[in-house]
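Use these hints to put chain B onto chain A, whose structure you have.
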Amino acid sequence: MPMILNDEQNMLKDSAKDFCTNNAPIAQLRKLRDEDNADGFDRDTWKQMVELGWAGIPWKEDFGGLDFGYKGLGVVTEETGRTLTASPLYATVWVGGTAINVGGTDEQKSSLLPEVAGGSLLLALALEEGPRHNPYGIETKAEAKGGDFVINGKKTFVLDGNVADKLIVVARTSGKPGDRNGLTLFLVDRTAKGVEVTRTKMADSRNAANISLSGVTVSKDDVLGDVDKGADVLDATLDVARIGLAAELLGSAQEAYERTIEYLKERVQFGVPIGSFQGLKHRAADMFCEVELCKSVVLDALSALDEGRSAEDIAKAASLAKAKVGETFTLVSREAVQMHGGIGMTDEFDIGFFMKRAAVAEQTFGDLIFHRNRYGELEGY
Amino acid sequence: MSDAVADFRADVEDWISEALPSALQGREMGPAGNGPKRTDSDSQKWFDACYERGFTVPNWPRAYGGAELDKARHQVLREVFRAHGAPQPLGGMGVTMIGPTLLEHGNDEQKERHLPKIANGEIRWCQGYSEPSAGSDLASLRTKAEDKGDFYLVNGQKIWTSGAQYADWIFCLVRTNPDVPKHDGISFLLFSMHDPGVSVKPIVLINGTSPFCEVFFTDVKVPKRDLVGQENKGWTVAKRLLQHERSSLSGLGGGPRADEQGSLVDVARQYLGVDEQGRVADPSLRRELIDHQIRSRAFALTQRRSHEENQAGDVPTFATSIFKYYSSETRKRRYELQLRMMGTQGVGWEGDSFSDDELALTRTWLRSKSGTIAGGSTEVQLNIIAKRVLGLPD
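For the record, the sequence lines run as chains A and B.
Here the first sequence is numbered in the working numbering, starting from 20 and rising by one per residue.
Here the second sequence is numbered in the working numbering, starting from 18 and rising by one per residue.
Excised from the complex, chain A in its bound form (with noise of 0.2 angstroms):
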């Protein structure tokens, strides 16, 4: 039953919960930021996690990995997103190691997919030109001479670009900003000549960074998928990208809802708990409604991936799965803040966290309004 988890999947879930909560949680976050820490997360957590096994668990065990789908990845994906927990978990494994399991050739996936199940090899997806997300309307340009590629161009919002040992380039081998057809993408070490990053500070203290590439030199070995014909990589990588995402964000709208709930019931004013009032009680049975149709529209995006259903069935769920639960994420994390008052808005107490990580998380991979846009166009109106 693909709504459900099965014993082991809730077994990895628990396990992953208890390692979140006691080793990562939301206070690594605030220590990795107010100590401006250069790498932006933990790596001694990082390499527990990958002892975890979680860096391989959707490889098949040909390339190092434990062949536990994406559901499996999903379960705790959704617990590292209760704590807020910064990792390479997501620009590695959802995006960069997706994106070579998607379009690698068996070399490549050989070499490299192992490395990213061990933990050695971090990846970072650079996409994004421009501040709204807009995956097509690609500018690097990357010319052939020789067998070589030489890439020139600029890079935005890459997440983990400032701690990846290679960046897949999305660049234009042919054809102008906005089409789907002249992409390819190309595999680039971080510290290949021509290459400078900048780390940019986010307001959720997750790493990002701005890339600038002039006349970075590759060979046709480094490309990613064929010529020209990127966009079907990209495509596939994105949607398994964003359903991640909302995985993710899933976690954290329930530890956000929860918490609010909580201090509901906790908090007295007027002499009564305020979560007595009709005015919170209805939007808060409200919200735990949107939040069960989230669990719901997750789940069935991680099985869609696990079943192998058409791309095209996998792009609904993803654009809804990510354009659903971004809402309600936004919704309650700033009922969350609305409802905490005056405590809510100091930087002392965690619950600003997850405002913030929403409204960083809805720029990612498409907000509400693209994946809006991109579930009516899926369906036809």
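Hints are computed from structural coordinates only; laboratory data are not their basis.
Incorrect hints may appear among the rest.
[What the hints assert, rightly or not] In silico EDC-like links for lysine to aspartate or glutamate, alpha-carbon gap of 16 angstroms or less: (1) B:Lys256 <-> B:Asp154; (2) B:Lys238 <-> B:Glu163; (3) A:Lys160 <-> A:Asp247; (4) A:Lys239 <-> A:Glu162; (5) A:Lys284 <-> B:Asp411; (6) B:Lys349 <-> B:Glu396; (7) A:Lys173 <-> A:Glu215; (8) A:Lys314 <-> B:Glu326; (9) B:Lys238 <-> B:Asp196; (10) B:Lys404 <-> A:Asp305; (11) A:Lys314 <-> B:Glu325; (12) B:Lys241 <-> B:Asp125; (13) B:Lys404 <-> A:Glu277; (14) B:Lys404 <-> A:Glu281; (15) B:Lys250 <-> B:Asp196; (16) B:Lys134 <-> B:Asp196; (17) A:Lys164 <-> A:Asp241; (18) B:Lys161 <-> B:Glu248.
Just chain B, lined up with the frame of chain A:
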């Protein structure tokens, strides 16, 4: 699936391809047990065929006219009905509400007397719950039943009684003790709508139809054998029945519900046109349409999840409250949206300037307003979720 269940499916497939008149495929036929008696022969033929197999009440015991299907076979039956576009043969409050309640709370004599006549469509039931001053606060009801030895003497008034003008019997909440807290003095009675002292007056609604009535009781004599459960303990029975009602209102317990999804998209295309890419031409209404479709899809997936949890034995005890709230709000919004899409053609009342569908929409839009009021209003549902699920204080 086990072999036995697969055999059952094959058997039902064979049966339905014989039994279902082709004219009824994909149609709703206004099931028996609900509203005026049916007259067309196809519907009767289909009903009889279902009744013969116990499929008017598939999960009830054979002794009461059912087929005693377990969960797996009941699900198979629903799937086969859906696949063939077969209409539900039997609806109404007999099969959806009082029947399941009697199975749990009725005594053997009551079950034997009432259930077979629900299964065969002979007796139509109505629900005597709401009163003029007991709507959302149902337990404050005042219709009184006095103990007169071997019968109760009932006096009072009910309102919003669906289908009372067609009903043969009523299940009715009455006050048997006025001197205790309100929940502790209520009893649950069954009696005939044809009894002396019962009178019915239909209420004309804002859409011009009369699905509800006022019902007046003047010295109605109800034999004590038709008290369900114990005297003054009727509230327990009443609440259980409300759960059956909510699950049928949200489309959980019943069979196939007409799919309203596709048609709203068709309405948008027809009234708003499409651009070169095939998108609905009006961007704001298109946005609202997609939001509605996303909401509906997410809700449908949640119903499926709840169903799977049920089958796996994880009973989602609070699901019914959520579903009633969410499905009625979604349906209400759907008609608001359709109204906006159709512009002036959506607000016609009568006459040749409007198509039949357009006139029907006006009435349906108005009627849809009751979905978030009846059966526990939206506000009551939210209170229930806040209290029972979230544990927020009173």
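Now for the hints, and whether the structure bears them out:
About 13 angstroms separates the Cα atoms of B:Lys256 and B:Asp154, which keeps this hinted pair within 16 angstroms; it holds. Pair hint B:Lys238 plus B:Glu163 holds up; C-alpha atoms about 10 angstroms apart against a cutoff of 16 angstroms. For the suggested pair A:Lys160 and A:Asp247, the alpha carbons sit about 12 angstroms apart, so the restraint of at most 16 angstroms is met. A C-alpha spacing of about 11 angstroms is found between A:Lys239 and A:Glu162, which places the hinted pair at or below 16 angstroms, so the restraint holds.
Distance restraint check for A:Lys284 and B:Asp411: the Cα-Cα separation of roughly 10 angstroms lies within the 16 angstroms cut-off, and the hinted pair is therefore satisfied. For the hint linking B:Lys349 to B:Glu396, the alpha-carbon distance of about 15 angstroms falls within 16 angstroms, and the restraint holds. Of the supplied pair hints, the one linking A:Lys173 and A:Glu215 holds, its CA atoms being roughly 10 angstroms apart against a limit of 16 angstroms. Pair hint A:Lys314 plus B:Glu326 holds up; C-alpha atoms about 13 angstroms apart against a cutoff of 16 angstroms.
Between B:Lys238 and B:Asp196, the direct Cα distance comes to roughly 22 angstroms. Violation of the 16 angstroms bound is thereby established for this hinted pair. Restraint check for B:Lys404 and A:Asp305: satisfied, since their Cα atoms lie roughly 13 angstroms apart, inside the 16 angstroms limit. Between A:Lys314 and B:Glu325, the direct Cα distance comes to roughly 14 angstroms. Compliance with the 16 angstroms bound is thereby established for this hinted pair. Note on B:Lys241 and B:Asp125: the hinted pairing holds, with a Cα-Cα distance of about 15 angstroms set against a maximum of 16 angstroms.
About 15 angstroms separates the Cα atoms of B:Lys404 and A:Glu277, which keeps this hinted pair within 16 angstroms; it holds. Of the pairs offered as hints, the one joining B:Lys404 and A:Glu281 holds, with about 13 angstroms between alpha carbons and a cut-off of 16 angstroms not exceeded. For a cut-off of 16 angstroms, the pair hint linking B:Lys250 to B:Asp196 stands: about 14 angstroms separates their Cα positions. A distance of roughly 37 angstroms separates the Cα atoms of B:Lys134 and B:Asp196; the hinted pair therefore is violated under the 16 angstroms criterion.
Taking the CA atoms of A:Lys164 and A:Asp241, the gap is near 14 angstroms; set against the 16 angstroms cutoff, the hint holds. Proximity of B:Lys161 to B:Glu248 is assessed by CA-CA distance (about 13 angstroms); at most 16 angstroms being required, the pair is judged to hold.
In the structure shown, a violation is registered for the earlier hints numbered 9, 16, in ascending order.
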